[in-house]
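There are 2 protein chains.
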Amino acid sequence: MMSRLTNAKLIDPDQALACVLEHAAVARARTVALARAVGLVLAREVRADRDYPPFDRAMMDGYAVRAEDAGRTLPVAGLVPAGDARPGAGRPRVEPGLAVEIMTGAACPEGTEAVVMKEKVRREGDRVTLPERIRVGDHVAARGSECAAGQSLLASGEPLTPLAVAVLATVGLHEVDVIPEPSLAAITTGDELARPGEVPGPTQIRDSNGPMLLAQARRAGLSRCRELHAADSLASLAAVLAECEDTDLVILTGGVSAGRFDLVPEAVVAWGAEVLFHKVSQKPGKPILFARRERAAAGAQLIFGLPGNPLSTHFGFHRYVLPAIRRRMGWRSVLPEAAHGRLAAPLVIGADRTLFVPLRVEPEGRAYAATPLRGEGSADIFATFRANAYLRLPPGEHALDADTEVDFEWMGERR
Amino acid sequence: MMSRLTNAKLIDPDQALACVLEHAAVARARTVALARAVGLVLAREVRADRDYPPFDRAMMDGYAVRAEDAGRTLPVAGLVPAGDARPGAGRPRVEPGLAVEIMTGAACPEGTEAVVMKEKVRREGDRVTLPERIRVGDHVAARGSECAAGQSLLASGEPLTPLAVAVLATVGLHEVDVIPEPSLAAITTGDELARPGEVPGPTQIRDSNGPMLLAQARRAGLSRCRELHAADSLASLAAVLAECEDTDLVILTGGVSAGRFDLVPEAVVAWGAEVLFHKVSQKPGKPILFARRERAAAGAQLIFGLPGNPLSTHFGFHRYVLPAIRRRMGWRSVLPEAAHGRLAAPLVIGADRTLFVPLRVEPEGRAYAATPLRGEGSADIFATFRANAYLRLPPGEHALDADTEVDFEWMGERR
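Read top to bottom, the protein sequences are chains A and B.
For the first sequence, this note's numbering assigns the number 329 to the initial residue and increments by one for each residue that follows.
For the second sequence, this note's numbering assigns the number 329 to the initial residue and increments by one for each residue that follows.
One should not assume that every hint holds.
Copies of the same chain look alike in the list, so a pair counts if it works inside one copy or between any two.
Subject to a maximum C-alpha distance of 27 angstroms in a straight line, what follows is the list of computed DSS-like cross-link-like pairs (lysine-lysine) [said to hold, decoys possible]:
#1 Lys446 x Lys614
#2 Lys337 x Lys611
#3 Lys448 x Lys337
To be clear, the hints were calculated from the coordinates, so they are not data collected in a lab.
These figures come from a predicted structure and were not determined experimentally.
Start from the sequences, fold in the hints, and give me the full structure.
Written as structure tokens, this is what we have:
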């Protein structure tokens with residue numbers, strides 16, 4: 329029953345990440361309602377459907393006038409509200425010697441050269457006295473001055489922020505082609521896990537990896553996520569994996585080491601996946617498996633086997649699963665965001681692998697102060713759950729004084 | 329029909345924000361499923377239900393032994409997998425001269441002094457040769473070494489990150505008391521808006537504020553959001569506001585200036601709200617209204633009237649609505665996150681009000697380069713939709729050279 333993959337070559341964290349990104353292809357576009365598009369990436373260029381503004385638009389409440397009437401007192405020949413739907417013949421016209429009252433956002437009447445702000449005139453009854461100086465174009469946004477009909481507004485690949493959503497709504501897109509989010513299944517393994525709701529037996533623990541992974545996935549913008557559990561047998565793993573045929577990303581936790589109960593590698597191979605790496609020279613999370621499984625129609629599935637310790641699982645998601653999700657979702661920049669600051673406490677640590685140390689980073693004026701969080705090993709999340717960043721250190725022994733300047737990468741949880 | 333509030337005093341942006349935060353109370357706690365809790369704030373202290381680890385836990389795959397047996401070759405008296413559910417009498421014991429094979433995460437058998445990693449022994453048949461040096465406690469996480477039963481783990485007010493969710497799952501909480509997210513309604517106003525799906529008439533435009541506000545709310549973590557529309561009449565506004573009786577945050581866009589079609593202030597007062605401010609000395613978004621309406625049982629509603637121009641609406645949400653949401657949700661830090669960088673282009677701008685200039689900020693090595701985005705006024709989002717930060721400048725005339733160091737605040741959209 330020993331996995332055929334026990335002696336897989338140890339690769340370094342950067343090779344592992346490059347391998348994940350090489351196999352994480354951008355997903356095929358899908359059409360979604362505009363209200364669902366925020367946070368996703370646009371999959372098709374969007375052009376202006378008409379000139380913007382679509383008409384000469386008043387930018388202030390005031391009076392539409394001719395520039396030559398500066399300083400004069402004129403009769404007010406009507407009012408144009410925004411959205412005035414009267415047919416052309418029924419609308420007031422601006423002519424020399426005539427002013428038309430107008431509201432912000434309204435289409436300027438024919439003949440308008442400028443809009444004078446209402447704060448700059450003296451109104452008495454139905455007459456208005458204009459200021460001494462009026463320039464042609466004052467407070468008028470000319471038709472097409474923001475963009476012309478047919479002009480490219482958003483390129484394929486553009487992230488759909490709220491402001492980008494406003495542009496799409498402006499040009500009349502109620503549906504939009506986007507790169508959809510992947511679906512995800514988190515499969516917990518291990519006979520030591522009590523079933524949800526059960527009181528754990530004396531040698532059992534509760535599952536924390538399933539809820540944590542779903543929380544990480546949700547923070548990454550995924551909504552189609554579910555949690556499954558497999559017992560420590562190949563038959564149980566096979567049955568649970570068979571439920572994941574339609575799932576884009578499959579994460580297994582536990583059972584991935586080379587122990588005799590660590591059946592995940594064998595189960596993944598039996599499911600038809602190709603294992604691309606199995607061990608990474610890093611701490612935490614050395615026994616981490618990455619595999620790819622081809623499907624006829626729906627594209628390749630990505631499979632991650634993460635160690636069962638909560639911090640190792642968290643780190644594995646942060647460093648490998650999250651960039652794969654972002655690549656699939658068409659993000660231009662898929663790596664965790666980096667920053668730098670000073671150590672707020674000394675750090676003495678060593679390993680023959682690349683180290684990733686959980687940090688609690690707090691703002692300190694315009695800079696950051698980073699406190700290393702050390703627990704009783706990678707199963708201890710009580711001492712480390714307030715971490716919001718990881719510090720990377722090369723293999724070897726390290727004795728860093730407080731105030732040492734360090735680069736770190738955010739977990740995406742700044743609080 | 330002119331609003332009674334036309335001559336409201338102009339206050340500065342910091343007074344306005346302080347007023348919003350003074351009236352935005354932390355919401356009452358609610359119990360939610362753990363899976364829904366990520367991103368919310370914990371409303372009640374959480375303590376450990378038992379010791380952690382709950383038993384002396386093997387931290388490696390290997391052999392449970394006595395330290396005195398270092399260097400000796402011993403018979404292997406059985407195997408303890410993680411979660412071994414055999415009753416005490418059926419489990420192997422460690423005694424001098426006897427080793428027990430053990431898996432990571434398993435409860436150490438009675439008599440265990442240390443676990444020796446399987447990589448450090450020579451196994452032949454059912455006998456194992458131990459290394460020359462074994463220290464008591466090696467690779468054993470002692471019961472209670474991470475935390476003791478009853479110990480406080482998370483305080484009320486703790487943000488529920490994925491790692492915090494893992495702690496809650498570990499101690500058996502399937503439901504958790506949190507500060508819930510507020511519900512939100514975005515009410516667009518204005519007869520110039522074409523109905524969704526309609527082709528706009530020659531003087532009409534499409535609504536972009538509604539979809540943008542819902543996108544901003546969604547990015548802020550809200551899920552109970554809806555969009556409503558009111559025509560430019562007090563009757564229509566009253567009817568739509570009446571639908572918002574159960575909504576915590578009500579945002580109206582448009583109709584908030586002092587123009588004769590700007591009926592929002594009057595409608596809000598008629599609905600029974602107290603207007604707390606109506607104009608802020610800022611650009612964009614000077615005509616902004618903030619009001620509060622008491623409800624008997626459900627606590628006060630907060631009402632924001634934002635100008636109809638998309639950038640003014642976006643900025644009003646960013647600067648006033650978002651901090652109010654965060655305060656209601658119990659966040660410790662409610663202001664937009666600040667950072668600093670250099671201007672990538674010169675900026676010449678002036679106003680007699682505090683200026684907030686949209687910026688596109690890109691990383692530049694370990695620093696940031698910020699490009700000011702200027703459109704044809706605050707209705708022009710084509711030129712500015714890629715903004716991801718705001719630069720604040722005091723009232724007055726500014727001529728900033730490229731490379732000037734500036735502080736800015738993130739919109740929360742880093743891409």
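Are there hints from earlier that the structure breaks, and if so, what are their numbers?
none
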